[in-house]
Amino acid sequence: MTFQLAAPLLDACVLAIVEQRDVYGYTLTMRVKEIVDISESTLYPVLRRLQKDTCLTTYDQPYQGRNRRYYRITDVGRERLLFYRQEWEKYKSSIDVLLSAGEKETEDLYE
Amino acid sequence: MNKETFLKQLERELRHIPEEDRQDAISYYREYFEEMGADDTMDVSRELGSPHKLAQTIISEVADKHVGMQSSEGGIKSGVITVWMVVLAIFAAPIALPLAMVGVVMLVVFVLVGFIVSFSVFIAAVSAVLAAVYMIPAIFVSGGLAQSAVCLGLALAGAGLAIFLFYGAKWLYHICVLGVTTGYQKMFAGKRGRLND
Numbered sequence: 001m002t003f004q005l006a007a008p009l010l011d012a013c014v015l016a017i018v019e020q021r022d023v024y025g026y027t028l029t030m031r032v033k034e035i036v037d038i039s040e041s042t043l044y045p046v047l048r049r050l051q052k053d054t055c056l057t058t059y060d061q062p063y064q065g066r067n068r069r070y071y072r073i074t075d076v077g078r079e080r081l082l083f084y085r086q087e088w089e090k091y092k093s094s095i096d097v098l099l100s101a102g103e104k105e106t107e108d109l110y111e
Numbered sequence: 001m002n003k004e005t006f007l008k009q010l011e012r013e014l015r016h017i018p019e020e021d022r023q024d025a026i027s028y029y030r031e032y033f034e035e036m037g038a039d040d041t042m043d044v045s046r047e048l049g050s051p052h053k054l055a056q057t058i059i060s061e062v063a064d065k066h067v068g069m070q071s072s073e074g075g076i077k078s079g080v081i082t083v084w085m086v087v088l089a090i091f092a093a094p095i096a097l098p099l100a101m102v103g104v105v106m107l108v109v110f111v112l113v114g115f116i117v118s119f120s121v122f123i124a125a126v127s128a129v130l131a132a133v134y135m136i137p138a139i140f141v142s143g144g145l146a147q148s149a150v151c152l153g154l155a156l157a158g159a160g161l162a163i164f165l166f167y168g169a170k171w172l173y174h175i176c177v178l179g180v181t182t183g184y185q186k187m188f189a190g191k192r193g194r195l196n197d
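Chains as they are written, first to last, in this note's numbering: chain A, 1 to 111; chain B, 1 to 197.
Just so you know, the hints here were simulated from the structure itself, not pulled from any lab data. All figures in this text were calculated on a predicted structure; none of them were measured in a lab. Idealized CB from N, CA, C, for every residue including glycine. One should not assume that every hint holds.
Stated by the list, open to error - Label-pair ranges, simulated between beta-carbon atoms: (1) B:100 to A:34: 43 to 53 Å; (2) B:4 to A:19: 12 to 22 Å; (3) A:19 to B:27: 35 to 45 Å; (4) B:5 to A:85: 55 to 65 Å; (5) B:106 to A:63: 51 to 61 Å; (6) B:175 to A:37: 28 to 38 Å; (7) A:85 to B:49: 24 to 34 Å.
Unchecked claim - Once the Cα atoms are required to be at most 27 Å apart in a straight line, the calculated BS3-like pairs of lysine-lysine come out as: (8) B:170 to A:33; (9) B:170 to A:52; (10) A:92 to A:33; (11) A:52 to B:8.
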């Protein structure tokens with residue numbers, strides 16, 4: 001993976017996934033791994049932190065004789081996600097401007 | 001290592017954090033292994049890394065949380081817990097070696113100070129001897145028996161003090177300098193002996 005996923009961006013991805021539907025740890029990890037290559041041990045501290053910040057709550061649901069702990073987004077979590085989305089748009093645009101500006105100049109050189 | 005070994009080691013590494021946080025972590029990963037369908041032969045540390053590294057992340061996360069709680073709720077108990085977890089995190093982190101080096105430096109300073117102090121006491125002993133010696137002629141100068149007796153007494157007192165200080169200096173030297181250096185040698189002689197086994 002060329003570009004590392006910084007902590008706030010990882011938080012944002014987790015919140016976005018949980019916003020769509022409540023998930024438990026394993027599914028969440030698999031969904032994040034589809035997008036970015038993280039280690040299984042990365043996600044638990046993220047979930048702890050989001051719980052501590054009251055962005056997520058948990059509830060248990062029995063399944064086939066074992067227990068599944070589901071994570072659900074809270075109103076605080078939705079606000080945080082909205083903030084992250086705005087920040088991401090700004091960030092994405094400035095990087096795009098920078099990277100494509102260099103590209104255009106290189107084109108002009110060869111004309 | 002298989003899942004049971006992993007979970008046992010993780011629990012051991014987390015033994016100093018609060019029960020609630022420890023059980024939370026263990027049940028999260030136990031649930032994860034079950035969802036994975038990990039049987040007793042699967043090597044889980046290939047996917048998750050070492051329990052030690054995982055524990056380090058969890059401990060600092062938990063310490064963070066308790067620091068946050070402390071500032072809002074106060075209380076001595078959570079403060080003590082926080083201090084312990086910070087200490088844990090420090091010793092888990094790779095700065096234990098520089099800290100050990102600081103310990104060595106402090107030991108060297110202790111030895112040097114012991115050396116200097118025992119030397120000073122020795123000088124004091126010598127001064128006492130000189131004072132006593134200087135008193136002796138005064139005994140024989142005529143000025144009455146009482147005065148001679150006082151001079152003799154002072155000379156003897158000086159001699160006595162000198163003897164006391166000499167032994168004091170020797171004792172200090174033994175403890176501070178010899179004690180530390182031979183103890184150090186014994187430590188390393190022991191290590192070398194074990195290496196040769």
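Outcome of the hint check:
Hint check: residue 100 (chain B) to residue 34 (chain A), Cβ distance near 45 Å, so the stated range 43 to 53 Å holds. Checking the proposed 12 to 22 Å range against residue 4 (chain B) and residue 19 (chain A) shows it is violated: the Cβ atoms sit about 35 Å from each other. Range check, residue 19 (chain A) to residue 27 (chain B): about 25 Å between beta-carbon atoms, so the 35 to 45 Å window is missed. Checked against the hint of 55 to 65 Å, the pair residue 5 (chain B) and residue 85 (chain A) fails, with Cβ atoms roughly 42 Å apart.
The supplied range of 51 to 61 Å is met by residue 106 (chain B) and residue 63 (chain A), whose beta-carbon atoms lie about 57 Å from each other. For residue 175 (chain B) and residue 37 (chain A), the hinted distance range of 28 to 38 Å is not satisfied, since their beta carbons lie about 60 Å from each other. Taking 24 to 34 Å as the suggested C-beta distance range, the pair residue 85 (chain A) and residue 49 (chain B) conforms, at roughly 31 Å. For the hint pairing residue 170 (chain B) with residue 33 (chain A), the CA-to-CA distance comes to about 70 Å; that exceeds 27 Å, so the pair is violated.
As the CA atoms of residue 170 (chain B) and residue 52 (chain A) are separated by approximately 61 Å, the hinted pair breaks the 27 Å bound. For the suggested pair residue 92 (chain A) and residue 33 (chain A), the alpha carbons sit about 21 Å apart, so the restraint of at most 27 Å is met. Restraint check for residue 52 (chain A) and residue 8 (chain B): the C-alpha separation of about 26 Å stays at or below 27 Å, so the hint holds.
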